[in-house]
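Q: Sequence:
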Amino acid sequence: MEDIVMADVDDTVIVQRGLDDDMDISDDVSFHGDNREKLRLNALGALAGKNCAPPYPQASTYPGTPFSESVKFNTTYRSQNQNQTQPLYNPHERKLSGRKLSETVEEFLARLPPSSTQSSTHSPWIWIANPYAAHRPVAEDLAGLMSAGESILSKWAGKKATIENELQKEGKMVAAISRTINIEKKSVEEELQNLAKEKKSTIGKWMLFPETSIDRIWAIVATATAAGQLGIDAKIATADGGTGGIASTTRPRLICIYTYDFSDTQDVLRVLLRLVELELVGNSGGRGDGGIYYKSDAYTYLGITSGNPWGLKASMYSSRDMLASAQVRRRNENLWGGV
Numbered sequence: 034m035e036d037i038v039m040a041d042v043d044d045t046v047i048v049q050r051g052l053d054d055d056m057d058i059s060d061d062v063s064f065h066g067d068n069r070e071k072l073r074l075n076a077l078g079a080l081a082g083k084n085c086a087p088p089y090p091q092a093s094t095y096p097g098t099p100f101s102e103s104v105k106f107n108t109t110y111r112s113q114n115q116n117q118t119q120p121l122y123n124p125h126e127r128k129l130s131g132r133k134l135s136e137t138v139e140e141f142l143a144r145l146p147p148s149s150t151q152s153s154t155h156s157p158w159i160w161i162a163n164p165y166a167a168h169r170p171v172a173e174d175l176a177g178l179m180s181a182g183e184s185i186l187s188k189w190a191g192k193k194a195t196i197e198n199e200l201q202k203e204g205k206m207v208a209a210i211s212r213t214i215n216i217e218k219k220s221v222e223e224e225l226q227n228l229a230k231e232k233k234s235t236i237g238k239w240m241l242f243p244e245t246s247i248d249r250i251w252a253i254v255a256t257a258t259a260a261g262q263l264g265i266d267a268k269i270a271t272a273d274g275g276t277g278g279i280a281s282t283t284r285p286r287l288i289c290i291y292t293y294d295f296s297d298t299q300d301v302l303r304v305l306l307r308l309v310e311l312e313l314v315g316n317s318g319g320r321g322d323g324g325i326y327y328k329s330d331a332y333t334y335l336g337i338t339s340g341n342p343w344g345l346k347a348s349m350y351s352s353r354d355m356l357a358s359a360q361v362r363r364r365n366e367n368l369w370g371g372v
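According to our numbering, the sequence shown is numbered sequentially starting from 34.
Just to be clear, a hint being listed does not mean it is correct.
In the BS3-like style, the derived pairs of lysine-lysine whose C-alpha atoms are separated by at most 30 angstroms in a straight line are [as the list claims (entries may be wrong)]:
#1 Lys219 / Lys230
#2 Lys202 / Lys219
#3 Lys219 / Lys188
The following label-pair restraints were derived from C-beta to C-beta distances [claimed, not checked]:
#4 Ser180 / Val138: 32 to 42 angstroms
#5 Thr213 / Gly177: 28 to 38 angstroms
#6 Glu139 / Thr195: 56 to 66 angstroms
#7 Ile185 / Glu244: 31 to 41 angstroms
#8 Pro342 / Glu203: 30 to 40 angstroms
Everything labelled a hint here was simulated from the structure, so no lab data went into it. All values reported here derive from a predicted model rather than from experimental measurement. For glycine and all other residues, C-beta sits at the position ideal for the given N, C-alpha and C.
Take the sequences, apply the hints, and build the full model.
A: What follows is the structure in structure tokens.
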């Protein structure tokens with residue numbers, strides 16, 4: 034876990050992202066393991082939230098993808114999310130493992146190549162921020178999130194067990210029990226998401242797991258982030274991050290690309306489409322056959338990992354589903370003229 038470091042941004046004292054993001058996973062891939070109690074205590078001990086700011090979208094269209102003719106971003110939306118008058122934003126200025134505004138992206142990449150940088154000399158993560166973020170950090174109520182979130186999960190665990198027991202007594206088949214559980218848990222997921230928004234814990238991330246060409250892929254992500262073309266922030270695990278100090282050049286390496294609000298699906302899709310254009314994600318959403326996944330930080334804090342005891346999805350979105358929905362939506366707009 035990174036140390037929690039205080040920083041001043043626009044005369045507001047905030048706490049940099051220092052909680053255990055080691056649990057970042059997709060629905061199908063558990064990358065660093067699970068230590069929910071440690072995460073809970075870390076969250077409760079934090080005084081304020083992570084740096085949170087919306088992105089700085091630049092391109093109004095994304096040529097070179099199947100969506101080049103279909104995805105256009107409203108000019109008002111773009112202008113509201115870019116601010117050339119505010120000081121440049123960098124929550125990682127004081128981190129040894131973060132890009133400094135005084136160095137070029139090329140200098141940053143040369144100083145901290147993920148293929149060889151180890152946590153013993155830096156931290157488990159290498160960071161780079163979008164310096165053009167328009168909105169500045171707000172404090173998350175992490176203690177409130179953890180307390181209320183754990184209560185929601187505890188109640189759901191009891192309700193889930195009751196439903197399963199009652200349906201089993203009635204002789205229901207496993208498939209029927211699963212259908213009932215799936216219907217009920219949608220309301221739980223909605224309740225957790227509403228809680229996260231209430232407690233201002235809205236940050237989420239697309240997760241990449243490159244197995245080869247790690248330095249090249251990270252260079253693409255870092256350059257696009259610094260140019261304001263992706264989300265608010267990005268990080269990559271160091272060579273020995275999460276491996277007990279054992280450096281590895283062959284294991285999948287987690288890259289997180291953060292957005293400021295998981296409920297802003299237009300922005301989440303915008304970042305995904307840019308990843309497609311950068312050829313980091315296939316046009317069909319694929320990373321292999323499984324695609325990539327988007328997870329909220331709130332779920333990470335609450336220990337909602339792959340295979341969790343509540344039966345909840347660890348991720349909010351998949352690239353395959355989101356890109357397919359965008360294609361269908363555009364076909365309908367073409368068919369009905371946007372009516």
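Q: Now look at each hint and say whether the structure bears it out.
A: Verification of the hints:
Proximity of Lys219 to Lys230 is assessed by CA-CA distance (about 17 angstroms); at most 30 angstroms being required, the pair is judged to hold. Annotation: proposed proximity of Lys202 to Lys219 holds, straight-line Cα distance about 24 angstroms (limit 30 angstroms). Annotation: proposed proximity of Lys219 to Lys188 holds, straight-line Cα distance about 14 angstroms (limit 30 angstroms). Range check, Ser180 to Val138: Cβ separation about 40 angstroms, and the 32 to 42 angstroms hint holds.
Between Thr213 and Gly177 the CB atoms are about 31 angstroms apart, so this pair conforms to the stated range of 28 to 38 angstroms. Taken as a hint, the range 56 to 66 angstroms holds for the pair Glu139 and Thr195, whose Cβ atoms sit roughly 59 angstroms apart. For the pair Ile185 and Glu244, the beta carbons lie near 36 angstroms from each other, so the given range of 31 to 41 angstroms is met. Checked against the given bound of 30 to 40 angstroms, the beta carbons of Pro342 and Glu203, roughly 23 angstroms apart, lie outside it.
Consistency note: the structure conflicts with earlier hint 8 alone.
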